[in-house]
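K.L.:
Chains as they are written, first to last, in this note's numbering: chain A, 46 to 304; chain B, 14 to 286.
Derived by calculation from the structure, the hints in this document are not laboratory data. C-beta: ideal position from N, C-alpha, C; glycine also. Some hints could be false.
As the list claims (entries may be wrong) - Partial pick of chain B residues on the chain A-facing surface, computed with a CB cut under 10 Å: (1) Thr84; (2) Asp100; (3) Phe104; (4) Tyr114; (5) Asn118; (6) Ser122; (7) Ala162; (8) Met166.
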Amino acid sequence: MRGGSIYIERSSGLHWLHPLTKVALTALCFASAAALPGLPWLLALFVGLLLPLAIWGRLTGAFLKACLLVVGPFVLSLTIIQGFFSGGETVLFKLGRFAFTQEGLLAGLTFAARLLVALGGTLLLMQSTPQPHLMQALTERGFPPRIAYVVLTAIQIFPSFQDRAQVIMDAQQARGLELQSGLLNRARLLLPMVGPLILGSVMDVSERAMALEARAFSSPARKTSLNTLADSLLQRAVRWLLALAAAALLLWRLWSALQ
Amino acid sequence: MNLRVEGVSFRYPSGVLALDGIDLAIPSGQLLAILGENGAGKTTLVKLFNGLLRPSQGKVYIGDWDSAEHTTAALARRVGFLFQNPDDQLFERTLAREVGYGPRNLGASEAEVKRRVARALKLVGLHDMAEAHPYDLPQPQRKLLALAATIAMDTPILVLDEPTIGQDEVGRGAISRILTDLHRMGRTLIMISHDMDFCAEHAQRMLVMLNGKIHVEGTTEDVMGQTKKLDEAEVAPPQLVRLAQALKMPGTPLTVDDFVDEYKQWRKKKKSK
């Protein structure tokens, strides 16, 4: 993994799935995170669906690590905040005037589990799908190519930004710039570092735009893709089922809330 | 100021061995050209000179300083470095401020900064534009500005990475004149370049790298004459040398004047036979 991409190259069934099938799965995860009523259901979905999919995609370690890194701090902060401040009858312990309750703990963990399910779906999509494939799948379904290009460039520009920032740092150090810690020193580094990075990037943009136009980027003709995304009737059916399940879950949640 | 590299190897974190057992001594005041195909280890080697990279093994001495004991910013007092792309360093509002940035970092007095700025801008021929914005200059002139910024550091050693790249004949001529002036001032000059004609014309000594090792080194005339070694390193000698070799002339003419002289003598000898 480097820069803006978290895609991990593997040879697996999950990787071979059509990107939109995985988008539909992610949509179901978001709907489940919003609609499922309690912690056991959310954990069951994570353990019963997302984890097996990660194993199938040979991404278990990276998937669990990313989940832990992102959700871990939320689990900690949410359980502390909810535990102390959302009220409840069963006091587990007290810290001065503040009581930590079992109901609060459960509310915090449930909220964190909702995040885990939503994030898990997104992570599986991003770790198993190259961004160009995702954008290609979307543009083939009518997503504007210009927006797809902007999104892709924004993601892919990070590695070149990192490389350029390193060269700029080298160049300024070679001119006697000391890299010291401390807020004031860091502020002093800002202009010599950011100035060339921004100016250079602005100049790159105009050159990139001209290079794209020279290769007929805005031609109205239907573009031929070198890469064909494998799809099948079964996958289309699964996509529809996943989308319907996501919609049904949200409608059920809405109906229960209105009761 | 002299520079010594003793038993230096360098391995990138990716595992690539970029330098393998380099020993090198560059005497004070020498103009050395480092040649080699892309990836041969040229830039890695010169980045050790100002501490941008640290050897995995071995030592680099800048005069009496062991480079391992000094930061890059401290080594900037002894080694100036011109990067390939000037846009990687320019950020100030005027040429004068840009050139003065380095000397200010080194703690030079304001009067000293002004003196160095004026001298460096004059040397590169940009003194009339001292208050212009750097980005109002075309790219080749921005390279000259970056060179002025390096010169203003007033270091005894200067490393120039591809100084002639992107320059037209006027710019190339200006850089040629600047290098000659700096050399006359006694600076140690080390340049990396693929511009063989320029290197042959200016360098006193050449070093050709291949796969992280010194493949061949010696005086410019000597190195340019070693066709087989240069072929192995994918380095093509200048047109004049190749023409002389194709004509089976003796010697290795490095400049047009040399070629004309040697050609006349050779023709005379042939006729007299």
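K.L.:
For which of the previously enumerated hints does the structure constitute a violation, in increasing order of number?
P.N.:
6
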